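Participant: Let the sequences and hints guide you as you build the complete structure.
As given, the protein sequences belong to chains A and B, one line each in that order. Using our numbering, read the first sequence as starting at 1 and increasing by one per residue. Using our numbering, read the second sequence as starting at 1 and increasing by one per residue.
These are computed hints drawn from the structure, not numbers from a lab. A quick note: this is a predicted structure, and the numbers were derived from the prediction, not measured. The reader is advised that the hints may include incorrect statements.
Each computed SDA-like pair below joins lysine to any residue, with the alpha-carbon atoms no more than 25 Å apart [stated by the list, open to error]: (1) A/248 - B/112; (2) B/23 - A/162; (3) A/196 - A/245; (4) B/223 - B/168; (5) B/165 - B/223; (6) B/23 - A/6; (7) A/223 - B/21; (8) A/25 - A/133; (9) B/23 - A/232; (10) A/23 - A/160; (11) B/196 - B/172; (12) B/25 - B/6; (13) B/109 - A/180; (14) B/25 - A/28; (15) A/25 - A/162; (16) A/223 - B/22; (17) B/63 - A/51; (18) A/23 - B/177; (19) A/109 - B/240; (20) B/196 - B/35; (21) A/25 - A/165; (22) A/196 - A/35; (23) A/248 - A/193; (24) A/25 - B/216; (25) A/165 - A/29; (26) B/25 - A/216.
Number of protein chains: 2
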Amino acid sequence: MSAQNITAALLVIGDEILSGRTKDKNIGYIAEYCTNIGIDLKEVRVVPDEMDEIIAAVNVLRKRYTYLFTTGGIGPTHDDITADAVAAALGVELYEDQRIINLMLERLKPEDMNEARRRMARIPHGAEHVANPISKVPGFRIENVIVMAGVPSIMQAMLDDIAPKLSTGARMMSETIEATGVPEGTYAASLGEIAKALPDVIIGSYPQFVDGRFRNQIVIRSKSAEALAAGAKAVDAMLKQINAERAKD
Amino acid sequence: MSAQNITAALLVIGDEILSGRTKDKNIGYIAEYCTNIGIDLKEVRVVPDEMDEIIAAVNVLRKRYTYLFTTGGIGPTHDDITADAVAAALGVELYEDQRIINLMLERLKPEDMNEARRRMARIPHGAEHVANPISKVPGFRIENVIVMAGVPSIMQAMLDDIAPKLSTGARMMSETIEATGVPEGTYAASLGEIAKALPDVIIGSYPQFVDGRFRNQIVIRSKSAEALAAGAKAVDAMLKQINAERAKD
Numbered sequence: 001m002s003a004q005n006i007t008a009a010l011l012v013i014g015d016e017i018l019s020g021r022t023k024d025k026n027i028g029y030i031a032e033y034c035t036n037i038g039i040d041l042k043e044v045r046v047v048p049d050e051m052d053e054i055i056a057a058v059n060v061l062r063k064r065y066t067y068l069f070t071t072g073g074i075g076p077t078h079d080d081i082t083a084d085a086v087a088a089a090l091g092v093e094l095y096e097d098q099r100i101i102n103l104m105l106e107r108l109k110p111e112d113m114n115e116a117r118r119r120m121a122r123i124p125h126g127a128e129h130v131a132n133p134i135s136k137v138p139g140f141r142i143e144n145v146i147v148m149a150g151v152p153s154i155m156q157a158m159l160d161d162i163a164p165k166l167s168t169g170a171r172m173m174s175e176t177i178e179a180t181g182v183p184e185g186t187y188a189a190s191l192g193e194i195a196k197a198l199p200d201v202i203i204g205s206y207p208q209f210v211d212g213r214f215r216n217q218i219v220i221r222s223k224s225a226e227a228l229a230a231g232a233k234a235v236d237a238m239l240k241q242i243n244a245e246r247a248k249d
Numbered sequence: 001m002s003a004q005n006i007t008a009a010l011l012v013i014g015d016e017i018l019s020g021r022t023k024d025k026n027i028g029y030i031a032e033y034c035t036n037i038g039i040d041l042k043e044v045r046v047v048p049d050e051m052d053e054i055i056a057a058v059n060v061l062r063k064r065y066t067y068l069f070t071t072g073g074i075g076p077t078h079d080d081i082t083a084d085a086v087a088a089a090l091g092v093e094l095y096e097d098q099r100i101i102n103l104m105l106e107r108l109k110p111e112d113m114n115e116a117r118r119r120m121a122r123i124p125h126g127a128e129h130v131a132n133p134i135s136k137v138p139g140f141r142i143e144n145v146i147v148m149a150g151v152p153s154i155m156q157a158m159l160d161d162i163a164p165k166l167s168t169g170a171r172m173m174s175e176t177i178e179a180t181g182v183p184e185g186t187y188a189a190s191l192g193e194i195a196k197a198l199p200d201v202i203i204g205s206y207p208q209f210v211d212g213r214f215r216n217q218i219v220i221r222s223k224s225a226e227a228l229a230a231g232a233k234a235v236d237a238m239l240k241q242i243n244a245e246r247a248k249d
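Facilitator: Have a look at this one:
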């Protein structure tokens, strides 16, 4: 097993997700990305564009996990308050970063620079940039808090920029076994016994309901290749035995 | 404005969402559903299949909002611990509900009833069923906590069953105005002034990045039809003025 587990939380900031107007695409992407690089995403929260809510969530989550990712709320409009909230949560001040102004001027005529756009150049003292190759204005990282855009393509580019700079642990590997035709309730007890006997694997059973029938998948996860193989072998043997018994009926 | 705001939180329970294996489809659906019936979804959390995590989240969220919806973790396998966690959070005991056993026997041969399946018939004392017309085994409601399946089609059917029994407030209405061609940074200051001048409307600006260009939408939301109309009118006038000024350049 790995010496250290690296954990993360994700804080999604935005009224539009909570109203259902915008369907979030970042949670699933970041979850899969973290798994692939050896970071365990342990919690996600979605909060509205309200200062107190954001500050409270940032402070709980940044203290609890190795990293806290945030998405959303870093544009130029009045509802973009993530930088202010993160700075307040950490007890630091924002400043206008001339490097960001310069990046913006690569895309903008000088006469179009205005107060609203300058807001996007405000980052907390001590923060470093998270590069945005798409539309230039960077996100930022301060301590273990990584502030990214909400627009999925920009968020994804930012994640590519910051990921190589993060600590990572052993990768969680997984194997999926189709239990098609065997109902969950039929294998549940045996699966529970396997899960109990193999503490280094995490076993989940995931039903899908397709065309009026359940189609179940059993997922075995572990950070140890040997434990993963042992888990998969045990589940496989269990399903074979159940199918053999069912064939007799 | 409405006499009372009815609020809700959603707790998504499941390792598979946090690992990225399963892409959640319930958050967006429930968010939109709540908006449409006059319930304000104020917070979403995603937590793993861990007893302490679920109990802690249930207790924070049920006390803070009118309703708490949960999805996931009510099947027959060892990782399905939502009923146990909700009962523990509320300090009540689970019992095996014969009515649920009977519902299950509509789909199941008596010889296929086993201990794992019986787990799905366990609900807290005092809970009422949330009907599941799809696969029979119901969710449940106890106090203000509504426990639903994670499988989207089943969750949606359960929501249809419980929704008419919930208190609802005034519906949040919204109007979307396309600001195509006008960059966010150009209208941000004026939009902020409109938002400040109209306290009964919530105004958001939502950039999308399509084909290398930003396409922005301004969304005006309110529970008052008059306030909504006033907000839309003000935003419309602002965009017209900006476009007229830009045409002069």
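Participant: Honestly, which of those hints from before does the structure not fit?
Facilitator: none
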